[in-house]
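Visitor: From first to last, the protein sequence lines stand for chains U and E. Counting from 1, one number per residue, gives the positions in the first sequence under the numbering used here. Counting from 119, one number per residue, gives the positions in the second sequence under the numbering used here.
Treat the hints with care, since some could be wrong.
Said to hold, decoys possible - Mimicking DSS-like on lysine-lysine, the simulated pairs with C-alpha atoms at most 25 Å apart in a straight line are:
no.: 1; chain 1: E; residue 1: 189; chain 2: E; residue 2: 215
no.: 2; chain 1: E; residue 1: 189; chain 2: E; residue 2: 174
no.: 3; chain 1: U; residue 1: 78; chain 2: E; residue 2: 174
no.: 4; chain 1: E; residue 1: 174; chain 2: E; residue 2: 186
no.: 5; chain 1: U; residue 1: 11; chain 2: U; residue 2: 62
no.: 6; chain 1: E; residue 1: 123; chain 2: E; residue 2: 215
no.: 7; chain 1: U; residue 1: 71; chain 2: E; residue 2: 123
no.: 8; chain 1: U; residue 1: 62; chain 2: E; residue 2: 215
no.: 9; chain 1: U; residue 1: 11; chain 2: U; residue 2: 78
Hints in this document: simulated from the structure, not taken from any laboratory.
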Amino acid sequence: EAEVAQSPRYKITEKSQAVAFWCDPISGHATLYWYRQILGQGPELLVQFQDESVVDDSQLPKDRFSAERLKGVDSTLKIQPAELGDSAMYLCASSSRETVLSGANVLTFGAGSRLTVL
Amino acid sequence: DQQVKQNSPSLSVQEGRISILNCDYTNSMFDYFLWYKKYPAEGPTFLISISSIKDKNEDGRFTVFLNKSAKHLSLHIVPSQPGDSAVYFCAHGRYEKLTFGTGTRLTIIP
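Okay, chain U solo, but in the shape it has when bound:
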């Protein structure tokens, strides 16, 4: 079964350092999402890509976070500098145009990248 690949699975860093997360969506999925899940809360959308274009980054803290999907396939989420409050699970998800057209946009999530900022 096709999966969304994410790396690294775990990252421990000190505050003010830079961190980067990578995501490879399911082949052929045009839409890619980065979510952040803080313990005890639901996933919160950070950024949404349609192919290589950003569709929604209204909740992305742009002073320290950046995201790119240069060729419309895999994507990188970067944090610089990291702060204590960035400790969370960073989830990548993808979906296809077919699921949207079917009436329910079912996202397939990767296993996530757990970030701990010390």
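Given the coordinates of chain U, work out where chain E should sit on it, guided by the hints.
Guide: Using the frame of chain U, we list chain E on its own:
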């Protein structure tokens, strides 16, 4: 702005009994709703969805009910099994955007 609320942070159910997870929302016109299940250290996995024009959708042991007058969504799992122990998120979808609730931790007691 759409909101989904899961007011019960946790729920314990005896194995074999019915588990009922609840979710309230603010707006549903031309939208859809989904339930996801999440195990620790894994990403959420899709369980079941329902369109806002329907009242019920069933898939095996999982049934989702939509009460539009009460703006209430519920997931029924019957019979509950130990492997159902996880955090369950309801989500509201409009076009391609999903908004998630805070989750309910379900524990199935053997």
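Visitor: A separate judgement is required for each hint: does it hold in the structure or not?
Guide: Taking the hints in turn, this is what the structure says about them:
no., hint, result
1, E:189 <-> E:215, "holds, 19 Å"
2, E:189 <-> E:174, "holds, 14 Å"
3, U:78 <-> E:174, "violated, 41 Å"
4, E:174 <-> E:186, "holds, 11 Å"
5, U:11 <-> U:62, "holds, 21 Å"
6, E:123 <-> E:215, "holds, 17 Å"
7, U:71 <-> E:123, "violated, 37 Å"
8, U:62 <-> E:215, "holds, 20 Å"
9, U:11 <-> U:78, "holds, 13 Å"
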